[in-house]
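Colleague: Read off the chains here:
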Amino acid sequence: MEMTISLPISTYESIIDPDWCPGCGDFGVLRGVKMAAGKLGIKPEELFTVSGIGCSSNLPGYIHAYGVHSLHGRAVAVASGIKFANQDMNVVITGGDGDGYGIGLGHFVHAMRRNLDLTYIVMNNQIYGLTTGQASPTTMKEVRTKSTPRGNVEMPLNPIALAIVSGATYVSRAFSGEPRHMADVIAGGIAHKGFALVDVFSPCVTYNKINTYPWFKKRVYKLEDDPDYDATDHRGALNRAYEWGDRIPLGLFYREEQPTYEESEPALKEGPLVHQKLGLEKDLFDDLMEEFV
Amino acid sequence: MREVTLGIGGAAGDGLDKTGDTFAKTASRLGLYLYAYNSYQSIIRGGHIWLRVRMGEEKVYSHGDHLNLLIALNQDTLERHAREVEPGGAVLFNSDKLTLDSSLFESQVLPVPMPVRELLKPLGKTLPVMQNTVSLGAAIFLLGLDFEMMAEVLADTFQHKGQEVVNQNIQVAKAGYNYAKEKFVPLGYEWNFSRTRRPFITGNEAMALGAVAAGCKFYSAYPMTPASTILHWMVAHADRCGIVVKQCEDEIAVANMAVGAGLAGVRSMCATSGGGFALMTEAIGQAGMIEAPVVFITVQRGGPSTGIPTKTEQADLNQALGASQGDFPRIIMAPADVTEAYYTAAEALNLADKYQLPVIILSDLLLSEHPETIERDALKPDLVIDRGQLVTEWPEGNGTYKRYAFTESGVSPRALPGTKNTVYVSPTDDHDEEGILISDEYTSPPVRRKVQEKRMKKLEGALKELPPPQIEGPEDTDVTLVGWGSCRGVIREAAEMLRSEGIATNQLHFKYLLPFHVKEALEILNGCRKTIGVEVNYTGQFAKHLRSETGFSLDDMVLKYDGEPFEPAFIVNRVKEIVGGEPLSLEVTREEAQEIAYHYIRTHLGNSVRPASIEVGNGVPAEEPTWCIELVSRKGGEKTGDLFVGQRTGSTYAWKPVSTVSRD
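So the protein lines, in turn, are chains A and B.
Under our numbering, the first residue of the first sequence is numbered 1, with each subsequent residue one higher.
Under our numbering, the first residue of the second sequence is numbered 1001, with each subsequent residue one higher.
Keep in mind that the hints were calculated from the coordinates and are not lab data.
There could be a bad hint or two in this list.
Said to hold, decoys possible - No farther apart than 25 Å at their CA atoms in a straight line, the calculated lysine-lysine pairs in the DSS-like style are these:
#1 B/Lys1121 x B/Lys1161
#2 A/Lys43 x B/Lys1121
#3 B/Lys1402 x B/Lys1420
#4 A/Lys43 x B/Lys1420
#5 B/Lys1464 x B/Lys1519
#6 B/Lys1519 x B/Lys1530
#7 B/Lys1464 x B/Lys1354
#8 A/Lys39 x B/Lys1420
#9 A/Lys282 x B/Lys1380
#10 B/Lys1457 x B/Lys1519
#11 B/Lys1464 x B/Lys1450
#12 B/Lys1380 x A/Lys277
#13 B/Lys1181 x B/Lys1097
#14 B/Lys1656 x B/Lys1639
#15 B/Lys1121 x B/Lys1183
#16 B/Lys1018 x B/Lys1121
#17 B/Lys1018 x B/Lys1161
#18 B/Lys1420 x A/Lys277
#19 B/Lys1402 x B/Lys1519
#20 A/Lys277 x B/Lys1354
#21 B/Lys1174 x B/Lys1161
One chain only, chain B, in its complex shape (with noise of 0.2 Å):
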C-alpha cells in the first residue's frame, strides 16, 4: 500500500493546528485515508507540540511508526525528529530562523530550507504564523498532492474571515509551493487520488454525534481534558440539534445533574476524565440504586492525580469497575475506534434506557482527539432508539402502580414522571417494590435480598444482548494479542507485522468489560497457545479484571506508560522478545536519554545548548552504568558539558560543564 507520514512539530501558539487540519483536510478530500496523533502539552503557548498525520490509498489503523517529511516551525523540532526521517524523504523548515546542521539528518533526506521572508516579501504585510503556510505549500508539491484542493480548503477554512484573507492565504501556499517546484524534485509518491469525499473526525466528536443521533437531549459537564471537546460540540450545535448543554460548577453536580435528567425522561448524558469521574462516582452508585438511565462517559487520560492531563493512558478500568460504593448493576464499555465510539454511544443510550441503569464508557485520550478518515456511509443516522418498557398510562382503577415492581427480568416497566396515577420516590435508600424505604423504621432483610437480585438480575439480560468477543485474524496462531479500547487498530497493525516477519499472530478485542462474557471468553483463551496482553497502563488492569472474571492469566504483557500511545513496532518488537524468551528490559534507551537530556536542558539550560553524542559513560559516582550526554552549543556546536543520566534509575546524576570536566 502506498502511504506518507508527515510530522509537523512547533510551540504551542504556532499555529500548528490549524496547520495540520489543513494538510489533513487536502489530503482526505483526495481520498485519502488520515490517521492523526498530536502530541501535546498542557499550555497555551510553548512547550512542544509533535502531531503525525499518516496517510495512504487504504484504511490506515494508527499513527504507525514512520516520518516521511518533516516541517518544522521551530529548531528543537529540527534537532529531535530530523533525524526520524527515513531515507528518501525531506526536511522542510524556514531557513531565516532555523539551522539544520548537516549532522541532523540521514544522508538520503532532503533538506529542504525555505526563505519564507523572501517569499512573502512580495505579498505585503502578512502574519507570522503564515510561514506555515508557506511550508504547506511546499510539501504539497514534495508530496505530489494537488494543490488546488488545498486552495478549496483555504478557502472553506477562511471564509468567514472574507475574500481578500481567502486569497492571501492562498497566494502564500503558493508562493511555497513554486519555490518547491523551482528549486526541487518532488520525493516520488504517485497517487491515485479517488477524490472519495470522506470525514475526518475524532472519537469525541463521532460520540457526541452519536448520542445527539439517538437522542440525547441532555448534556452536562464541567471543562477536563480529554473530554472538554465532547463539550464543545455539543454547545456548537445545542439548538439545532435541540438539546440542552450545561456546563456546570463542578462534576458532582454535572453527574447528578444528568441523574435528575435521566429520571425525569430525557436521555441524559456527561462526560469527564478521571479526576472529574471520581467526584462523579456517588451519582452513579445514586443512579444505579434508583435505576435512572444515565451514560457517563470517561475518558482516561495519564494518572494518577493530576497526572499527566494531555498523555494518553487504559489506567482508569479499576476506577471505572470500582465507582461508588456497594453492588449495583452497571455496564462499562470501552469502544475501539472512531465508528465504534459514535455506535457506542447511541447503544449506551439504549442499555441505559432497557436495563434502566449507569452506563460508563471507557475512552481514552488517543481515541478521543486523534481524528481519522472513515468511510462516507460509516455512521448512518436511522439508529434504533429503544428506550425499554415504558409505561405510557395508568388507568385510576389498576392499584398502585409500582415503579420498582419485582419481575423475572428484574427491569420494571418504568412509567415516566408526570404520567397521571403513578406517582412514585425514588429513593437513594433502599426500597421495596413501591419505592417505600426499607432503611430505617421499616426494615426487611428478604425484601432487601429480592430488591438486590432484582436490580443485579438486569444484567443477565443485558449480557445475552451483547456480542461476545471475536477473534480477529488468523485462527489458530502461535500468539494470541489481547486488548481492550482504542488499542485495536494499532494491535492489528502490529499483528500483521508479526506475521509478515514469521510469527504467526491474532488478537483477540474486548470492548464489553461489564457483564463479562465469562463463557465465551474462556473457551476462545482455553484455545491460544500464547496470550499476551496490550495495554497502555502499569498494572495490566483488563488482564487483572479477565483474571477475576475467568480465573484466566495471560502468559505475559506488553505495557506502556509513558504517556504515548503504542506505536505497531513497540508492539511487535516486545512480542519478538516475549516469544525468544528475553526478559523486560527497564534500562533507558539511547533515544530516551537524549530526551531526558531535552528535559533537563529545558528547566535547568535555557535553550542555548542541545544534545549531541551520547556514550556509555562513567564520570560520576553512581551505583549504575550511565549515559554520558554531551551538550553542545546551538549556535557554535561547540562543547558546552556532559550530562549523566543513571541507565537503570533514570536518575540525572550530574551536570558538568566543559569548565569543571575533568581533562585526566
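Same shape as in the complex, but just chain A (with noise of 0.2 Å):
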C-alpha cells in the first residue's frame, strides 16, 4: 500500500479571506476541505475544486488549489468534464442547496447514476443566502421566507434518500458544528472510488432562524455511535435516510464498491486523456476514410 504523507492544512492557504458572514457555517466547511485534503496528502496541484453560484460556491477561491467557479447549477456537469479530461485530478465539488438540489438537480441525479469519481459536497442551509433569503429546495414545511410570506408548502427534497436510490456509491451527511468528524466524512468521500456525496449542515446565521447551531447541535448524533448501523445495507440506509425530528444521523449513510465510469471508458485505460498523443496515426486514418468508399 501507498504511504500517505499528510500536509498541514496550511498547504491550502489562499490569499483570499472568505467574504462569508461572521458565524456562516461555510467557514467549518471550507477548514474541513482543507483538513480532509491534508489527511489525504493531496497535493494543491492535485486538488480541483469545482463550484457553481451561491455563497458557499465561492469557496474555491479561498483555497489555494485548481479551482473554476462555474455557473449557477452546473458545478457537477463541469466537474465532469474535468474528471474525463484528467482523472489523476482529485475532482471535489462545493455548492450549496439551491445550487445542487434547484437549478443543478438533473445533473445531480445523472452524475450519480454515471458514478464518476467525484466528491460533491452540498452546503446545506435550506435557504438562498446570496439572493437574501428566499425558500430553497431544503426548507422545510411551513417555514416563512422571502419568498414563502405564508409559510413554504413545498415538500423539502431529501438529498440523502434521493442519493441512495439515485446510484450514489458514498452517502454522507456532516455537520459545520463539528468539524473533525465532517473532515473525516470529507477524507472518506474523497478516498472513495466513485461517486460520493456529503451533504454538510452549514447553517445560514443570516436568513435561517431556525436551523441554527443549537437547532442542529440538539438533534444531531452519529451514525458511527450507532453499532448496529450497517451502512452496506440500501434498504437499511434508506430508511434511517428519512430520520429527521428530533433526532438526526450524520456520518455514512451508505457505501457500496461499483466500478467507476472512468474504469468502463476504454479511452482512459491509456491514462488521462489530457496526456494523450493528439490526432490520428496514418493507418487509422486511412482506414476510416476506406468507410466512405
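Take the two lone chains, each set in its own frame, and fit them into one complex as the hints suggest.
Modeller: Below, the structure written as C-alpha cells:
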C-alpha cells in the first residue's frame, strides 16, 4: 500500500479571505475540505475544486488549489468534464442546496447514476442566502421566508434518500458544528472510488433563523456511534435517510463498491486524456476513410 | 458534362436509405461524382421520403434541378414525381402493387413496370424490402452502369450477415437487371468510368473525422436531429480513436462538460441543433469568461421552436451571434461543403486553443446530412495541431503564475491544471489577472476595463489569420450573389446557369462570420454592380449582419424558407426576376397547390384520392382568387370532389365532395 504523507492545512491557504458572514457554516466546511485534503496528502496541484454560484460556491477562491467557479447549477457537469479530461485530479465539487438540489438537480441525479469518481459537498443551509433569503429545495414545510411569506407549502427534498436511490456509492452527511467529524466524512468521500455525496448542515446565520447551530446541536447524532448500523445495507440506509425531527443522523449512510465510469471507459485505459497523443496515425486514418468508399 | 439524376421515393420503413446507399456506392466506385439529398420527415414509418442522387463524370455541387430516372416504392411517389421525369427518362415501379396512369408522366418517358413477385418466385423466400433491390438491378441496366460493381457493393453491405444473404441479394438484383435487359433498351448513357474510388461522405461525418484527426479527445452530445450523426460516428469510432464520447442528460450538461474538459486541457467539442444550442448558451458565455477552449457545433434545422426538425434552414445566425449574455469574444464560422467541414473542425480546435475562447461552427441540415463525392486526397490526415501558448513548467521562484495575465495580444499563456506551481481559479465572475474576483468584495472599474479589453482584443489577432472573402467566378459582373455556409455550391451552379443565359454573374461567399472582415468585404462589395443575397431563411439574417458590420446594404435578396434547400433553377429564376425589375410574388403556385392538396388528403381524406386537374376557380366565397383542385379516386379515377385553396394566403377554404358540388 502506498504511504500517505499528510500535509498541514496551511498548504491550502489562499491569499483571499472568505467574505462570508461572520458565523457562517461555510467557514467550517472550508476548513473541513482543507483538513481532508491534508489528511489524504493531496498536493494543491492534484486538487480541483469546482463550484456553481451561491455563497458557498465562492469556496474555490479561498483554497489554494485549482478551481473553477462555474455557472449556477452546473458545477457537477463542469466537474464531470474535468474528470473525463484528467482522471488523476481529485475533483471536489463544493456548492449549496439551491445550486445542487434546485437548478442543478438534473446533473446531480445523472452524475450519481454515472458513478464518476467525484466528491460532491453540498453546503445545505435550507435557504437561498446570496439572493437574500428565499426558500430553497430543502427549506422545511411551513417555514416563512422572503418568497414564502405564508409559510413554505412544498415538501423539502431529501438529498440523502435521493442519493441512495440514484446510485451514489458513498452517501453521507456532516455538520459544520462538528468539524473533525466532517473532515473525516469528506476525506472518506474523496478516498472513495466513485460518486460521493457529503451533505453538510451549514447554517445560514443571516437568513435561516430556524435551522440554527443550536437547532442542529440538539438533534444530531453520529451513525458511527450506533453499533447496529450497517452502511452497506441499501434498504436500511434508505430507512435511516428518512429519520428527521428530534434525532437527525450524521455520518456515512451508505457505501457500495462499484466500478467507476472512468474504469469502464476504454479511452481512459491509456491514462488521463490530457496526456494522450493527439490526432490519428496514418494507417488508422486510411482505414477510417476506406469506410466511406 | 454527362450527368444523371435518380430519384427514389417511398415511405419511411421502405428501406429507401439502404437502396440509395447501394446505388450511390456503386456509381461512386465506378468513378462518378455524386451529390445526394434526402428529403425526409420526422417519423420512423410512413410519410414521404424523397431521395435524389445526382451524378456526373465531373464534380456536381448540388442535387440539381433534374430527374431522369424515378424508382417509386409507393403510389404516392408515382403520382407526385413521375411527371418530373424528363423526356428520355424512365419510371420504375413494382407493378404488383402500383399502377402508373398515363396521365402521370410525359410522353417521352419510359414506364418500366417490374413484376416483382414473378421475378422473385424462383429465388425462394425473400423479404419485402427486396423489391427495392429488384428495381436497383433494373436501374443499373437502364443507366448503363456496371452490374458487377453493384454486386461488389452488395457483398460489402451484407457480408456481416453471411454469404447466403449476400448471394440472395445479388440474385435478386440480377433478376431485376436481366428482366430490364430482356424487355427494355438502356436510356442511352455512355459513361467513361474512371473507376477511381473516391469517398462519399456527409458533412457531419467529415466534421467528426476532422475533429478527431485534429486531436479532439472529448465529445459530448444529447441526441438531436440533424446533429446526431456526429454522435453516431464519434461513438462508433471512439475506442479505435481514443476519444471519450459522452451522451448527457441534456444540452446544458453537454456544454458544461465540454467546458470542463476544455478547461482541464483536452481538445473538446460538442454539437447540437438550435433548440439544444439555446440550452447551451450560458455555458458558451462561461467558456468566453474563463477562457476555456471549446468548439460548439450547431447544425441548423428549420425553426423556430421545434419547427421542422428534419428540414433545412439557415436561420440560427442571430442565435449564434447573440448566444449568452454580455460581450465576450467568440469565433463563428460556417463551412460551405463537406471538404470544408473537415478542415473547419480542425481549424476551430486550433483557434479555440490559440485564442482560448469558444468557437461556434454553424452547419445546417443540408450540409450535415447530404453525402457527396470528394477527391481521394481531399481530406488529409496530417493536420496542423496548434495548441497555442502553453506554459509547461513554472519554477518555484518565478513568482505567482497569472492565468489571466494582461498581454498586448490579449492571449494569456496557459498552464494546464496539474502543472506544478501554477494553481489558479477560473471564475465566471469577472476577475483580475490572477483570477481573483472583481465582482463583489474587491470591485475595480479599471481592472474590469482592462480585462474586458484583454479578452476582446483576442479577436483582432484571430481576424488577421483568417482568410478574407474573395470573389469566385469572373470579375466585373452585372450581378454578384452573396451567400454564406452551405449555399456555396448551389450558388456556384446558379451563377453558371445565369452566365449561360447572358447575365454576367459571380459570387461572394462568407465562411467567417465573426470576427468579420469588414475592410476586405467592403472593398469587394463597393466594386459590385448589383448585389443579391442568397439565404435559406425569412429575414435575411446574414444580410443584416453584413449591414451591421459594414454599413453595406445588399440590393436584393433571394430567400427560401419552405424547409427544402435551394436548387439552382430557383435562384436563377428569382435573379432573372430581380434583374428584370419584377416584384417578388408570394402567391401559391400550381405545384404548391398540388402539395397543399396532398397535405389535405393525407390529413382529412385518407389515401383513397389524389389531385388531378388544378385550375383557377371561384367555387367558394373568398376574398382572394383560389385554386380549384379536382380530386379523383386512386382506384377508378372518377372525380370525388373539389378542394379550394387561396392563391394569396394558401388557406384551404373548402372541400366539396361530388354529391354537394353545385351543378349550376
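Colleague: Against each hint, give a clear statement of whether it holds in the structure.
Modeller: So, going through the hints one by one against the coordinates:
no. : hint                  : verdict
1   : B/Lys1121 x B/Lys1161 : holds (22 Å)
2   : A/Lys43 x B/Lys1121   : violated (76 Å)
3   : B/Lys1402 x B/Lys1420 : holds (13 Å)
4   : A/Lys43 x B/Lys1420   : holds (10 Å)
5   : B/Lys1464 x B/Lys1519 : holds (12 Å)
6   : B/Lys1519 x B/Lys1530 : holds (19 Å)
7   : B/Lys1464 x B/Lys1354 : holds (13 Å)
8   : A/Lys39 x B/Lys1420   : holds (20 Å)
9   : A/Lys282 x B/Lys1380  : holds (9 Å)
10  : B/Lys1457 x B/Lys1519 : holds (17 Å)
11  : B/Lys1464 x B/Lys1450 : holds (22 Å)
12  : B/Lys1380 x A/Lys277  : holds (18 Å)
13  : B/Lys1181 x B/Lys1097 : holds (22 Å)
14  : B/Lys1656 x B/Lys1639 : holds (11 Å)
15  : B/Lys1121 x B/Lys1183 : holds (18 Å)
16  : B/Lys1018 x B/Lys1121 : holds (23 Å)
17  : B/Lys1018 x B/Lys1161 : holds (15 Å)
18  : B/Lys1420 x A/Lys277  : holds (21 Å)
19  : B/Lys1402 x B/Lys1519 : violated (35 Å)
20  : A/Lys277 x B/Lys1354  : holds (18 Å)
21  : B/Lys1174 x B/Lys1161 : holds (19 Å)
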